[in-house]
Structures are given as C-alpha cells and as structure tokens.
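Based on the provided sequences and hints, a complete structural model is requested.
Those protein sequence lines, which keep their order, are chains A and B. According to my numbering, the first sequence holds residues 42 to 410 in order. According to my numbering, the second sequence holds residues 417 to 634 in order.
Any given hint might turn out to be false.
One side only, chain B facing chain A, incomplete, derived with CB under 7 angstroms [unchecked claim]:
1) ASP466
2) GLY503
3) PRO574
In case anyone wonders, no lab produced these hints; they're calculated from the structure. Note that this is a predicted model, so its numbers are computed, not measured. Positions of the beta carbon are idealized from the N, C-alpha and C atoms, including for glycine.
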Amino acid sequence: MDREGQNGFRIPSGCAVSAIFSKEGTRRSGEEIIRSIAMMHERSNGLGGGFAAYGIYPEYKELYALHVFYEGKYSKEQCEAFLFEHFDVVNLSKIPTRKSPAIQDEPLIWRYFVEPLHTKLSESQLDPDTFVSRCVIRVNSGIDGAYIFSSGKDMGVFKAVGFPEDVGAFYRLEEYKGYCWIAHGRYPTNTPGWWGGAHPFALLDRAVVHNGEISSYDANRRNIEMYGYRCNLLTDTEVITYILDFLVRRRGLSYEEAANVIAAPFWSTIAAQEEAEKRRLTYLRNVFSGLLITGPFSIIVGFTGGIMALNDRLKLRSMVVGEKDETVYIASEEAAIRVIQPELERVWAPRGGEPVVIRLHPTAGEKEG
Amino acid sequence: MAVQETYALGQRYIGCGAQWGKITVTQVPGNALGAYLDGGEIEVLCSAQDATGDTMNAGEIVVHGSAGDATGYAMRGGAIYVRDNGGYRCGIHMKEYRDKVPVLVVGGSCGSFLGEYQAGGTILVLGIGCEDRAPVGNFCGTGMHGGRIYLRTRFLPPNLPEQVAVAEPQSADLERIRPLVGRFCEKFGGDPESLLAGHFFVLTPNTSNPYHQLYVNN
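Laid out in structure tokens, this is it:
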C-alpha cells in the first residue's frame with residue numbers, strides 16, 4: 042500500500058476526535074458521527090479518517106469480525122490460507138464501499154466472521170481472545186501487504202486515507218447501527234499517511250483514536266514488544282492500543298487504573314495525596330513505569346459496553362464532554378457536539394489525566410435509534 | 417473591513433485583528449476567537465473554545481459561558497471577561513508595557529497552569545460556585561515574573577512555586593479589583609459589593625527569590 046513520502050510527496054503538517062455513546066444501548070446510524078467529525082474538517086488534512094462502531098453485527102455477535110486490508114491478490118491468498126488454517130470462517134465478503142473521487146487507491150478490503158478452530162485453540166492452550174490477538178499480530182507482522190485492522194466481536198473499524206466525512210461515505214456508514222461510535226480525522230505530523238496508519242487502531246474489541254504525539258513512543262514500544270506485541274503500522278498511536286490491551290485484558294486493571302499508568306500524575310501531585318491514594322498511585326507508576334505515555338494526547342478508547350476519554354496529564358490537547366438524556370458526546374471541540382446535539386444538559390472539559398469512563402447501563406437493551 | 421453579521425457554528429478566527437466594531441456571536445465559535453484583537457468588541461452568548469483572545473492587544477471579549485484552554489494566551493492589552501470557567505493555561509505569557517495592561521477575569525474556576533510565565537497584566541479569578549476549594553488547578557503561576565493574579569478564595573492553590581509571593585490585597589489592589597468586578601457584574605449580573613466582600617489572595621513574582629541560576633549562571 043502506498044505510503045505518504047514514498048513518491049517524494051509529503052504533506053508535513055493536529056487531529057480531531059469525536060464519539061457518541063448511548064448508555065441505554067440505543068443504536069443509531071453513522072450519520073451523526075460523520076456530521077460531528079466533519080465540523081472539525083480543518084483539524085484534518087485528508088491523510089486519514091476513520092470510525093469504530095459497536096453493536097453493529099448483532100447477527101454475528103458471537104463471532105470475531107476481522108476487517109482486512111490487502112495490497113493485492115497475493116497477500117489475500119496468503120492471509121486467507123492462514124485464516125482457514127486457524128479459524129472456522131462462517132462468512133466472508135468484501136466490505137461494501139461507495140466509489141468516490143475523494144477516496145483513491147483503495148486496497149482490497151475484506152471482512153471475515155470467524156471463530157477459532159477448536160482443534161487449533163485447544164492445541165494452543167490459549168483462551169480465544171489471546172489466540173485471536175496472536176493471530177492478528179502474526180498476520181500484521183508476517184504477511185506482506187495484509188493488515189487485520191479490526192478484530193473484535195460485534196464491532197468494526199472503518200478507515201482510509203481521506204477526510205473523515207469522505208471515509209464515512211465511502212464505507213456507507215449510514216447503513217450500520219451502533220450504540221457507540223468513535224471517529225478520527227487525521228493530520229499526521231511525524232509519520233506517513235497511509236491506509237494502515239489511519240485511526241482507529243484496534244486489537245480485539247478495543248479501538249483507540251488519538252490526537253497528539255507520543256514523546257515516549259520508543260520507550261513504550263520497546264517495553265510492550267517484550268510482551269509479544271509488534272508495532273508495525275508506522276504510527277505512534279498503535280502502541281496505546283497494545284498498552285491498553287496489556288493492562289486491561291492481560292493484567293486485569295480497570296480502565297481508571299490504566300489511565301493512572303499511561304497518564305500518571307507527577308510525583309509532586311502524588312505526594313500531595315492521602316496516604317492510601319499515594320501508595321496506590323506510586324505502585325502503578327513504579328510497576329508499569331515503561332508504559333507512562335508522555336507528550337500531548339487526547340484519546341478516546343472504545344470497548345465492548347463502554348468508552349473512555351483521557352487527556353495527557355498536562356492536558357496539552359483539547360477535549361470536551363457533553364451529556365443529553367442517556368447519550369454522552371465527546372469531541373475535540375464543543376462545536377462538534379453542538380452540531381449534532383444543540384441542547385446539552387451538561388458540558389465540561391475533563392482535567393488532564395482524569396479518565397472519563399462511560400458504560401452501558403446494566404439493563405441497556407438494544408433499541409433502534 | 418466589512419463586519420460579518422452572522423457566524424457559523426465552530427467558525428474559527430472570528431474578529432481576528434479587528435480594530436473596531438461590535439461582534440455578537442450566538443453559536444459556539446471555533447478556536448482563536450478574537451486573536452490579535454486590536455480594539456473591537458466581541459460578545460459571545462454561549463461558551464467559547466480554545467485560544468480565545470490569543471495575543472490580543474486592545475478591545476474587549478465577553479463570554480457568557482466558559483472559555484477553553486489558553487484563554488488570553490500572550491495578551492498584551494484589552495480585557496476578557498468569562499462568566500463561568502476557564503480551561504488550562506489561561507493567561508499564560510501575559511505581558512504589559514506602560515498603559516497597555518491586559519485583564520483576564522474568570523467568574524468560576526480555571527484549570528492548571530493559570531498565569532504560567534506571566535510577565536505582566538492582571539488575572540482575576542472570582543471562584544463563584546467553588547467556594548470550598550482553590551479555584552485553580554496545579555502549577556499556578558509557575559515561572560511568573562511580572563503582573564498579578566487575584567484569587568477570590570480562602571484556599572491557597574496547591575504547590576505554589578517558591579518564586580511566587582502570596583499576600584493579602586492592599587488598597588492599591590482593591591482599587592484595581594473594584595472596576596473589574598463592577599464590569600463583570602454589569603455584564604453577567606450579580607452584586608459587586610458582595611463579591612468584593614470575599615477574601616482575596618494576591619500572587620505576584622517573589623522579588624526576593626528571583627530565577628537566577630535556574631537555567632544559566634547569570
């Protein structure tokens with residue numbers, strides 16, 4: 042797949058993030074999130090846009106949905122051979138797209154609903170999530186030109202090179218219905234724009250969109266690669282996805298605790314806390330010191346049944362949260378919320394390092410929005 | 417310069433560099449509202465976003481809501497009044513020269529780094545609605561070497577740096593505060609006398625503990 046800079050042309054250039062989350066599980070189409078992210082058009086430069094949606098595949102909710110980019114037929118053959126060897130593929134198809142002059146040079150984009158083959162799974166002695174995540178990492182680092190960019194259940198990532206509103210139209214997001222939508226408009230500064238480098242970055246059901254840049258990237262990369270992850274998408278954000286997978290899924294931390302690791306308070310701030318809180322924060326900083334993310338960031342993390350918004354501890358990027366009835370809106374700018382919901386009951390800017398974690402109500406049903 | 421009558425939701429750079437005229441904004445404006453404002457008046461009938469009044473030189477911005485991060489960044493003159501809260505880094509790098517003394521007044525509270533590297537001008541935080549705590553976040557006045565920050569509160573900000581001196585307001589301070597509170601109440605309502613009756617702290621650079629040898633030996 043073409044990467045910005047390879048043809049001698051590079052646009053050296055923030056980003057925009059946005060999300061809508063229904064606490065009652067009301068499913069809505071992708072139209073509103075597209076209007077929200079489009080409001081921040083100037084924050085992107087056309088080198089990447091993407092979406093993650095949760096609750097979109099109810100008919101296959103027990104299966105892992107793999108979304109894959111292929112550079113060409115050869116990568117597809119190789120990747121499919123691997124998939125058929127490791128998974129029971131229940132359904133496969135091209136992801137429906139709409140041709141548009143705004144989106145060019147698309148790779149082959151395929152979707153597979155799969156479950157691990159029982160024999161392979163028992164042979165591996167792994168739980169299904171670990172099995173799937175290892176397969177994703179193997180494909181992405183071992184098969185040239187094949188990238189599994191979405192691998193969760195009942196969720197999907199849709200991304201491309203282009204402005205986010207054009208990416209949304211390209212993937213026909215008005216035809217999907219989800220209780221949670223996350224969007225990103227990219228303005229790459231330090232790394233090339235290319236299809237695999239668009240946000241969100243996802244592993245299993247966890248998807249991350251990010252505005253900012255990670256000063257500690259290489260320290261974080263070296264640390265997380267010790268645990269079997271491979272950073273191969275040429276963009277700092279992917280390391281956040283792997284760090285959260287490691288801390289939450291593999292180490293069992295809550296999202297709030299994970300936020301205290303990646304956006305740990307300064308030692309001077311920790312010193313001012315009550316004794317128990319001081320001990321807790323000190324423990325997290327010491328044990329996971331290599332996973333502290335420095336530099337400016339605002340991120341939105343989607344996961345099954347919830348969402349987290351987090352700023353770096355210095356709050357070097359903007360983030361606003363708004364609430365109306367049972368719906369929560371998060372965006373880089375208030376205007377991007379007001380454009381889809383002019384009447385808000387509460388609007389606030391979370392402090393640096395203060396995670397905002399929203400979850401589905403335990404009784405949430407899946408209604409049509 | 418033709419004055420635009422209506423402004424789109426999220427429109428950036430409204431009133432940038434304007435030297436005259438009155439602009440009324442009725443929907444949340446985009447970033448850098450009134451940047452380099454040089455004499456015009458801007459009234460926002462809702463909240464404003466980041467970098468409101470960036471490097472403004474003269475004029476007035478009134479926000480009937482909250483303002484985002486870096487409000488009044490590097491202000492050199494004029495006045496900004498915010499009814500509710502300010503974001504992080506309000507009034508950083510403010511400066512003054514002779515009669516050019518910028519003013520930033522925030523009715524509620526501000527985030528961390530209020531007045532970081534402040535070199536001049538007046539910041540006033542009234543702390544309305546947060547009487548039980550300091551109305552600012554961490555690192556208030558870090559690197560401050562000019563100007564003054566008035567906080568209407570009984571609680572000192574946490575971890576004030578050694579280079580910032582804290583004092584009770586003197587009569588000269590009260591003379592400075594009084595017209596600002598008056599203007600605030602004129603715009604947003606409220607009783608100036610009851611606000612002025614509250615307790616204030618004055619933060620100024622600590623001249624007996626300057627920044628010598630902080631970066632180089634001089």
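Results for each hint:
Given hint, ASP466(B) at the interface with chain A, holds; its Cβ is 5 angstroms from that chain's nearest Cβ, closer than 7 angstroms. Interface restraint check for GLY503(B): the shortest CB-CB distance to chain A comes to about 6 angstroms, inside 7 angstroms, so the restraint holds. Here the hint on PRO574(B) is kept, as its CB sits about 6 angstroms from the closest CB of chain A, short of 7 angstroms.
Checked against the numbered hints listed earlier, the structure breaks none of them; every hint is satisfied.
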